[in-house]
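Engineer: Protein chains in written order, with this note's numbering: chain A, 1 to 119; chain B, 1 to 119.
Each hint should be verified, as a subset may be incorrect.
Since the list gives no way to pick one copy over another, a pair counts as held whenever it fits inside one copy or between any two copies.
[Unchecked claim] Derived pair list, reagent style SDA-like, types lysine to any residue, alpha-carbon separation capped at 20 Å:
1. K115 with V86
2. K65 with S14
3. K115 with G37
4. K65 with M1
5. K65 with N5
Hint data in this document are derived by calculation from the structure and do not stem from the laboratory.
2 protein chains.
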Amino acid sequence: MDAINLMEKLNLFSDHYHPRLIGELNSQHLKIAKIKGEFVWHSHEQEDELFFVIKGWFNMEFRDKIVRVDEGEMIIVPRGVEHRPVAEEEASILLFEPASTINTGAIRNDLTHKKIDRI
Amino acid sequence: MDAINLMEKLNLFSDHYHPRLIGELNSQHLKIAKIKGEFVWHSHEQEDELFFVIKGWFNMEFRDKIVRVDEGEMIIVPRGVEHRPVAEEEASILLFEPASTINTGAIRNDLTHKKIDRI
């Protein structure tokens with residue numbers, strides 16, 4: 001039960017679209033990630049996902065609209081909804097989602113992280 | 001599926017220790033609150049709680065230690081652990097906890113909010 005400093009945690013890594021686990025509660029995972037460029041279109045069958053922008057901004061693309069998410073803002077993506085994060089410049093985000101969540105949803109490719117790295 | 005701006009939401013109210021619901025996912029509630037002064041000692045039998053400081057700072061008191069939580073930091077309080085938030089000056093926090101959580105845990109007093117206000 002110590003304070004968790006997001007900026008300190010973010011300084012521990014530099015790669016993109018590689019989430020790190022920083023906390024767990026109620027079977028939910030709290031992760032941080034740096035993102036830059038386009039992720040892959042995907043959806044999660046069973047999991048809603050929260051994205052909170054710690055630093056920078058990104059666009060959350062849906063099939064029918066694009067939502068810009070700025071620093072200090074968050075967006076909740078309900079289960080089953082196809083989405084693709086796209087960051088023109090590097091952004092740092094906090095993710096909150098069930099422990100069962102796979103980052104690329106039903107898709108498996110080079111971006112898929114099956115093992116979760118805790119920092 | 002729109003962006004949720006924390007500062008805009010915080011500007012909608014001014015009372016202390018009265019959390020507002022700003023989002024829901026995976027049976028978890030995302031709330032914001034302004035806090036000032038001492039809350040009541042309490043614990044939650046079934047729920048872990050996350051406190052993230054959006055603005056300001058506060059002390060999370062435990063029976064055996066005090067943890068200062070600064071802006072940009074968070075703390076996870078596991079279920080069953082007695083705790084008491086104390087804010088010397090007004091702080092704004094984000095709470096993440098199961099939808100079943102009662103703010104004062106097993107205690108019922110004037111601080112208890114049974115109905116959750118959504119903003």
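Engineer: Go through the copies and call it for K65 and M1: within, between, both or neither, with a Cα cutoff of 20 Å.
Structural biologist: For K65 and M1, only the inter-copy Cα distance (10 Å) is at most 20 Å; the intra-copy one is 40 Å.
Engineer: Can you tell me if K65 and N5 fall within 20 Å by alpha carbon in one copy, between copies, both or neither?
Structural biologist: Only across copies: K65 and N5 sit 18 Å apart there, 33 Å inside one copy, limit 20 Å.
Engineer: Treating 20 Å as the Cα threshold, decide for K115 and V86: within, between, both or neither.
Structural biologist: neither (23 Å within a copy, 38 Å between copies)
Engineer: Please work out whether the CA atoms of K115 and G37 approach to 20 Å or closer within one copy, between two copies, in both situations, or in neither?
Structural biologist: Result: close neither inside a copy nor across copies, 22 Å intra and 42 Å inter.
Engineer: For K65 vs S14, is the C-alpha pair at or below 20 Å within one copy, between two copies, both, or neither?
Structural biologist: neither (30 Å within a copy, 34 Å between copies)
Hints 1, 2 and 3 from the earlier list are contradicted by this structure; the remaining hints agree with it.
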